[in-house]
Amino acid sequence: MLRVFRLIVLSLLLCAGSQARDEAPTPTIATIEIYVEDVFEDNGRTSDVWPYRAANRLHIKTRESIIRQELLFAVGDSLDMEAVAQTERNLRALPFLRRAEIESIPLADGRVLLRVTTSDAWSTLPEFRVAKVGNEWVWAAGASETNLFGLGKQLRLLYDSGLDRDKTFVFYRDPRTFGSRVTSRVLLSSASDGHRVNLSATRPFFSIGTLWSFHAAFEDFDRLDPLFQDGERIAQLRHYSRRGEFHAARALKRNPTNAVRLHLAYVSSEDDIAEGENVRRFGLLQVGVSSVVHRFLKLTHIHQFERIEDFNLGNVASAFFGISTPALGGEDLTSYSFFLGERRGLKLPGVGFVLGDISWRARYRNDRIENGILHARANVVQKLSLRKLILAKADFLYGTELDPEVQFRLGAESGLRGYPVRQFNGNRSLLISLEGRWFLTDNIGQLVSVGIAGFFDSGFAWPRGQPMRLSDMHSDIGLSLLLGANRVSASTPGIRIDFAYALDPIDGRSRWLLSAGSRIGF
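Here our numbering is used: position 49 in the sequence shown is 57, and no number is missing along the way.
Hints should not be assumed to be uniformly reliable.
[Unchecked claim] Now the in silico label distances, taken between C-beta atoms and shown as ranges:
#	residue 1	residue 2	range
1	187	115	28 to 36 Å
2	225	73	27 to 35 Å
3	491	261	44 to 52 Å
4	50	178	58 to 66 Å
5	396	473	14 to 22 Å
6	115	350	41 to 49 Å
7	50	222	36 to 44 Å
8	38	297	36 to 44 Å
9	170	118	57 to 65 Å
10	178	522	26 to 34 Å
11	396	242	42 to 50 Å
12	340	473	40 to 48 Å
13	412	151	32 to 40 Å
Simulated from the structure, these hints should not be mistaken for lab results. Beta carbons are placed, not taken as given, at the ideal position from N, Cα and C, and that holds for glycine.
Please take these sequences and the hints and turn them into a complete structure.
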C-alpha cells in the first residue's frame, strides 16, 4: 500500500512539473536585427570574383525599412512562432528576394533576439525571350525592374508576341502604397486585336490573424477570342468587356493556425460577344464564407532548385452565392451565381505530399444552369532524396452550357507536351502527367542551376456531344532540361526545354515536338 501511495504522489509531482513547464511564460522579443545581403553575397561574405563585385556595386540593395515593414512582430511582443513563420513566407513571396530566414536566439535574461536575413536577386533585367511552345514560336522584348530604387516596387515595359495576339504593355505594382498594406496595380496594354486597362487596389489577408481585407478593381478590354478545332483556328469572336468590383472580408474567428472569414462583394459587369449576338450584363451582390487552415511544408528542389518553397497542406474551403437584379444594375431578368471550392493536402511518408483541389462555379439564368465549370485536380510530390523526386498530377474539367468564347484546350501549351498547341478542344478535358526530376547541381559559377527530367503525359479534350472514352486519350513521353538562375531572377522559376514524342500521332504532324520556355513548374 505504501508503495502504491508513493507512486501516486510521484505521478502527481510529475504532472505538476509538466503543467508548470507548460505554463512557463513565453519569452518576449528583446531586439530585431535586419541583414540584407546583396546579389552576390552569402552569409555576410561578398564574392571574390570581380564581375560579381561590380554587379553588387551597380545593384541597389533592398532598403532595411522595406524588410522591416513586412514584419508581423515588434520589440516587446511575446514570441509567436506562427507570426515568425508567416513573415518568412511573406518575405519569400517578394519577387526581388531569393532567400529569407528568421533565426530566434535566446538571450541570458530569458528574452530572445530575432535575426532576419534576406538575400536580394538581381532586379533590373532587359527582357528578350524566344520560346517554342510545341509548333508555335513566341517572343518578347522589353525591360523590367522588380525592386525600383530598393523600395520593392515593380515596373515592366514589354512587347509580347504571344500565341493569341501581339501586345505592348506597361505594368506597375506597388505592394505598399503610401506605406500602407494596400497593393496597387496598373496595367495598360495595346494589342493587335484590341486593348486592355486593368486597375486594382488590394489589402490582402497577410497573416492568419489579419482581421479584414478588401479588393477593388476595374477592367476594360476588347479582343478577339479564338475558337479552335483539331489545332486550327476556325473562328474568332469579338469580345468587349467592362467590369468593376469591390470585395470586403472580415474574420469571424481567428486562432494561431486557422481562420473563418465572411465575404461581401458587388460586381458590375457587361460582356458583348460577337458584335451583340451574346450580351451579358450583371449587377451582382455576392456573399460568402471561407475557412483557412495553415499547415505548411517548407521544401527545396521541387520547382525552383535551391529556393525554399512553401506548400500549405491545410484545408481551404469557400462557398459563395450571388444574385443579380435590374435594381442592382443587372439585365431585366434575375440571375444567380454559385461557387463552391475546397483544397486539402495530405502528407506522405518520408518527404512528400498530395494536394487536392476541387471547385464548381456556375450561374442560373433563363431557367437553366449556364457556364457551369467543375474543376478537379490533384498533385503528388514524393522526394526520393534531396535532389531527386517524382511528381504526378491529374487535371479534370467538365463544362455545362459554356459561354460561346469558352473552350477547354489541350496541347503543348497546357501540358500535353507531345502535341501541337490547342490540338484538342472541347467542353470536357482530362490531363494526367508523371515526371521524374533530378536536380544535378546548384549555382554553377553562382549563376546557373541544372536539372533533368523524364515525363509521360496523357490527355484529351472532348467536343460537345462526343462521349467521354478513355480510349480517346493521346499520350506522349519525353525528356527535359531544367535551368534555373535564382540570383538573376527570383520571380521566374526557371527555364525548361522539353523534347517530346507522341505515342498516338496526329495525321500530318510529326511525332517529335520541341518546346522551350519558362514553365518549369508542374
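Against the structure, the hints come out as follows:
1. In this structure, residue 187 and residue 115 meet the distance hint of 28 to 36 Å, their C-beta atoms being roughly 31 Å apart.
2. In this structure the hint that residue 225 and residue 73 lie 27 to 35 Å apart at CB holds, the actual value being about 28 Å.
3. Under the hint 44 to 52 Å, the C-beta atoms of residue 491 and residue 261, about 45 Å apart, fit the expected range.
4. Taking the beta carbon of each, residue 50 and residue 178 are about 35 Å apart, not inside 58 to 66 Å as hinted.
5. Remark: the range hint 14 to 22 Å for residue 396 to residue 473 is contradicted by a beta-carbon distance near 45 Å.
6. Between residue 115 and residue 350, the C-beta spacing of about 44 Å keeps the proposed range 41 to 49 Å intact.
7. At about 40 Å, the beta-carbon gap between residue 50 and residue 222 stays in the expected band of 36 to 44 Å.
8. A hinted range of 36 to 44 Å holds for the C-beta pair residue 38 and residue 297, which are about 40 Å apart.
9. In this structure the supplied range 57 to 65 Å holds for residue 170 paired with residue 118, their Cβ-Cβ distance being about 58 Å.
10. The hint said 26 to 34 Å for the Cβ distance between residue 178 and residue 522, and at roughly 32 Å that hint holds.
11. Taking the beta carbon of each, residue 396 and residue 242 are about 44 Å apart, inside 42 to 50 Å as hinted.
12. For residue 340 and residue 473, the Cβ-Cβ distance of about 31 Å falls outside the hinted range of 40 to 48 Å, so the restraint is violated.
13. A C-beta distance of roughly 38 Å is found between residue 412 and residue 151, which places it inside the suggested range of 32 to 40 Å.
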